[in-house]
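Participant: Just so you know, the sequences run in chain order A and B.
If you're matching positions, the first sequence starts at 37 in my numbering and goes up one per residue.
If you're matching positions, the second sequence starts at 2 in my numbering and goes up one per residue.
Honestly, the hints are just simulated from the structure, not real lab data.
Incorrect hints may have been included.
To be verified - Subject to a maximum C-alpha distance of 25 Å in a straight line, what follows is the list of computed SDA-like cross-link-like pairs (lysine to any residue): (1) K213(A) - L110(B); (2) K58(B) - L61(A); (3) K213(A) - M111(B); (4) K188(A) - G90(B); (5) K188(A) - G163(A); (6) K58(B) - R134(A); (7) K188(A) - L275(A); (8) K58(B) - S6(B); (9) K72(A) - H63(B); (10) K213(A) - T62(B); (11) K213(A) - H63(B); (12) K58(B) - V59(A); (13) K213(A) - V85(A); (14) K213(A) - L80(A); (15) K188(A) - F24(B); (16) K160(A) - M76(B); (17) K160(A) - L275(A); (18) K58(B) - G48(B); (19) K72(A) - T51(A); (20) K213(A) - V69(A); (21) K188(A) - L267(A); (22) K160(A) - L94(B); (23) K46(B) - V20(B); (24) K58(B) - L94(A); (25) K213(A) - L99(B); (26) K188(A) - A167(A); (27) K58(B) - E248(A); (28) K160(A) - T62(B); (29) K72(A) - T58(A).
Bear in mind that the values here come from a model prediction, so they are computed numbers and not experimental data.
Listed below, chain by chain, are the residues.
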Amino acid sequence: MAEQEFFRLWVYLSTSPLLWLTVTLVVYQIAYVISKAVNNHPLLNPVAVTVAALIGLLELTDTSFIDYFDGAQFIHFLLGPATVALAVPLYNQLSQLRRLWLPLATGLIVGVAFAGLSAVGIAKLLGASQATLLSLAPKSVTAPIAMGVAEKIGGLPSLTAALVVMTGIIGAVVGNKLFDLLRVREDSIRGFALGLTSHGIGTARAFQLSEEMGAFSGLAMALSAFTTALLLPWLLAFLGIIN
Amino acid sequence: MNILSGITILLAYQLVGEVLVFFADLSIPGPVVGLLLLLVTLIVKGGVGESLEGVSKTLLTHLSLLFVPAGVGVMVHFQRIEAEWLSMGLALLLSTLLSLAFTALLLRLMVGFNARRRQGDG
Chain A
37 MAEQEFFRLW
47 VYLSTSPLLW
57 LTVTLVVYQI
67 AYVISKAVNN
77 HPLLNPVAVT
87 VAALIGLLEL
97 TDTSFIDYFD
107 GAQFIHFLLG
117 PATVALAVPL
127 YNQLSQLRRL
137 WLPLATGLIV
147 GVAFAGLSAV
157 GIAKLLGASQ
167 ATLLSLAPKS
177 VTAPIAMGVA
187 EKIGGLPSLT
197 AALVVMTGII
207 GAVVGNKLFD
217 LLRVREDSIR
227 GFALGLTSHG
237 IGTARAFQLS
247 EEMGAFSGLA
257 MALSAFTTAL
267 LLPWLLAFLG
277 IIN
Chain B
2 MNILSGITIL
12 LAYQLVGEVL
22 VFFADLSIPG
32 PVVGLLLLLV
42 TLIVKGGVGE
52 SLEGVSKTLL
62 THLSLLFVPA
72 GVGVMVHFQR
82 IEAEWLSMGL
92 ALLLSTLLSL
102 AFTALLLRLM
112 VGFNARRRQG
122 DG
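Pulled out of the complex, with its shape left as it was, chain B reads as follows (with noise of 0.2 Å):
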């Protein structure tokens, strides 16, 4: 498999959204314009190459390791946890708990709504 166009396909569109979002002033990552655009181009295209499916494969299965590096960054904060722990520890607890089940119940519920308007049109 020839790995380096899919990596610099990658690295372009994350390129040019870096640039776009340095001149347009944007307040969101380069990264997520650039992932934005590359699906644009792919729906345009009509189809993924076999070397960037095969790099995109690849990072995307090991997503959780790079963020490795951001989560050591934890010790650096180990003071101001140590003085806010428990309020810290369960504002995310809970809020990370409330936020995966509001936000599921309420999609099955648009998704059950969804499907009646859908119905209705046909």
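Pulled out of the complex, with its shape left as it was, chain A reads as follows (with noise of 0.2 Å):
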């Protein structure tokens, strides 16, 4: 009988958006303590390990992903305000700004068409399908414009979603130690390429390192996403690789 009451609260729940909201956070809130604990070590970023770890619970419950959004949606829809919100630290960067204006406009032009071109020609030298080189082109900047823009020249928006996250998750993980590599040592710098290539997941991370890195990381990602929707589709078709 247990068993009848136990598989009754599961549908009772599953159909909810209750249980995926609060599994999301509760796992989300391991994954940093963990992260906290390895001193925000980047092989253990906590987007990857709650993303791998949701994954693995959804694949062993069989619920859909439609099932899951239901509840993640309202996490989900945060991601607007949170945009908004990061004019808060870039106003407190303002001085740094007026001081960089000229490097940052360069940096971005030139920065949005190579990280989108990048991606297009090297999966074009190993043979990816056209769906997947259109996907990719957009894989930069941050998942709402992202979509937007997969839509406008052809690919396909939710895969770019998930493209867009592993961009992220590639950036938050390697970048610090990229930038040591090669000694820039300007947290404005390794901020603006961080957030540049690595929008939000990025500046989540920058913020981690320093203030200042995330507020010219949230620039970036900003600027980028303005700039991406413009410069894009155009330069894809310059280039004849849409028509």
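Using the supplied hints, reconstruct the complex from the two chains, each of which is provided in its own coordinate frame.
Facilitator: Given below as structure tokens:
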């Protein structure tokens, strides 16, 4: 009988958003504690650990992504206000910005073109399909705009969302080490490069390292969203990758 | 701390951003427009209120949590990823590494150039 009771409870819970919303928060907090315990070691990035654990749980309980998203959408929704909130650290870094606007503007335009075209170029060389190529192109910008761009140029928006998250995780994991190797020490430059390449996940990582790095990463993320939306479709058409 | 006014400001600016994007038919996301509008407001006003400062800090401290639902969406694409994992994975990895290095080095070069230019001005 107990088993039947449990089954009824499961049916009830699995149709309500409460279960997966709570599970997401619990798993993330465990991942966060682990990450803190190992001094924010990049390989145990909390997003990567949480995503992997949740996919495991969903597969184990035979839960579809749509059912999961019923609960998780409340977290997903906060991406909007959090993007707006980036105005606050930006405002606090305004004097730095005034000093550095010319190098940042150059880095932004060239960097955005490089981030998109390098992914397309490498994937093309390795024989990826056209749909994959076009889904890869906007991988470096924040998910909502990347999905919009993918749709516009003929990629698969939901695949793009996944590639965007993976790009973010790669940048968050390797970024700091790479900057050390290249002897790039200024937090402003590190932050800007990380935000331009790895959007919000890179920015989250940057805020763990320093407020200045986070602010510049947030700035790069916001500006590259604009620049990619305007530049990338035109650039791909110019190069004959899309018609 | 009064979190209510901070969260209301963020949502209101996002809403205005979304409305502008809708009517002007822009291809940029509403929240990004909201961000710029809020930044302009803060510059004009000359300061961040306590509530907004607190709410923003809280949201941004846990920014990575907000990407989890989209990240779990990877599972929908397991089949395509299985078929093209090598080209996709290598393109992501190499392109991300190259972009990070390229942007950082370019910026360092430009910042050095900028410092000399400004010194020349003064």
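Participant: The structure should be examined with respect to each hint, and the outcome stated for every one.
Facilitator: Hint check:
At most 25 Å may separate the alpha-carbon atoms for a hinted pair to count; K213(A) and L110(B) meet this at roughly 20 Å. Among the hinted pairs, K58(B) with L61(A) is consistent with the structure: their alpha-carbon atoms are about 18 Å apart, no more than 25 Å. For the given pair, K213(A) sits about 22 Å from M111(B) by alpha-carbon distance, which is consistent with the 25 Å threshold. Taken as a hint, the K188(A) and G90(B) pair is honoured in the structure, with Cα atoms around 23 Å apart against an allowance of 25 Å.
Only pairs whose Cα atoms come within 25 Å are accepted, and K188(A) paired with G163(A) is accepted, the gap being roughly 22 Å. About 23 Å separates the Cα atoms of K58(B) and R134(A), which keeps this hinted pair within 25 Å; it holds. Simply put, K188(A) and L275(A) have alpha-carbon atoms about 16 Å apart, close enough for the 25 Å limit, and the pair holds. Simply put, K58(B) and S6(B) have alpha-carbon atoms about 14 Å apart, close enough for the 25 Å limit, and the pair holds.
A C-alpha spacing of about 13 Å is found between K72(A) and H63(B), which places the hinted pair at or below 25 Å, so the restraint holds. Between the alpha carbons of K213(A) and T62(B) the distance comes to roughly 22 Å, so the proposed pair stays at or under 25 Å and holds. Taking the CA atoms of K213(A) and H63(B), the gap is about 22 Å. The hint holds against a cut of 25 Å. With a C-alpha separation of about 24 Å, the suggested pair K58(B) and V59(A) falls inside the 25 Å cut-off, and the hint holds.
Taking the CA atoms of K213(A) and V85(A), the gap is about 19 Å. The hint holds against a cut of 25 Å. Between the alpha carbons of K213(A) and L80(A) the distance comes to roughly 14 Å, so the proposed pair stays at or under 25 Å and holds. Note on K188(A) and F24(B): the hinted pairing holds, with a Cα-Cα distance of about 18 Å set against a maximum of 25 Å. With a C-alpha separation of about 24 Å, the suggested pair K160(A) and M76(B) falls inside the 25 Å cut-off, and the hint holds.
For a cut-off of 25 Å, the pair hint linking K160(A) to L275(A) stands: about 13 Å separates their Cα positions. Restraint check: the Cα-Cα separation between K58(B) and G48(B) comes to about 15 Å, which is no more than 25 Å; the hinted pair holds. The straight-line distance between the Cα atoms of K72(A) and T51(A) is roughly 34 Å, outside the 25 Å bound, and the hint therefore fails. Our distance criterion of 25 Å between C-alpha atoms is met by K213(A) and V69(A), whose separation comes to about 22 Å.
Taken as a hint, the K188(A) and L267(A) pair is honoured in the structure, with Cα atoms around 13 Å apart against an allowance of 25 Å. Distance restraint check for K160(A) and L94(B): the Cα-Cα separation of roughly 14 Å lies within the 25 Å cut-off, and the hinted pair is therefore satisfied. Simply put, K46(B) and V20(B) have alpha-carbon atoms about 23 Å apart, close enough for the 25 Å limit, and the pair holds. Note on K58(B) and L94(A): the hinted pairing is violated, with a Cα-Cα distance of about 31 Å set against a maximum of 25 Å.
Between the alpha carbons of K213(A) and L99(B) the distance comes to roughly 13 Å, so the proposed pair stays at or under 25 Å and holds. With a CA separation close to 12 Å, the supplied pair K188(A) and A167(A) stays within the 25 Å bound. Our distance criterion of 25 Å between C-alpha atoms is met by K58(B) and E248(A), whose separation comes to about 13 Å. Only pairs whose Cα atoms come within 25 Å are accepted, and K160(A) paired with T62(B) is rejected, the gap being roughly 37 Å.
Proposed proximity of K72(A) and T58(A) is supported: the alpha carbons are some 21 Å apart, at most 25 Å.
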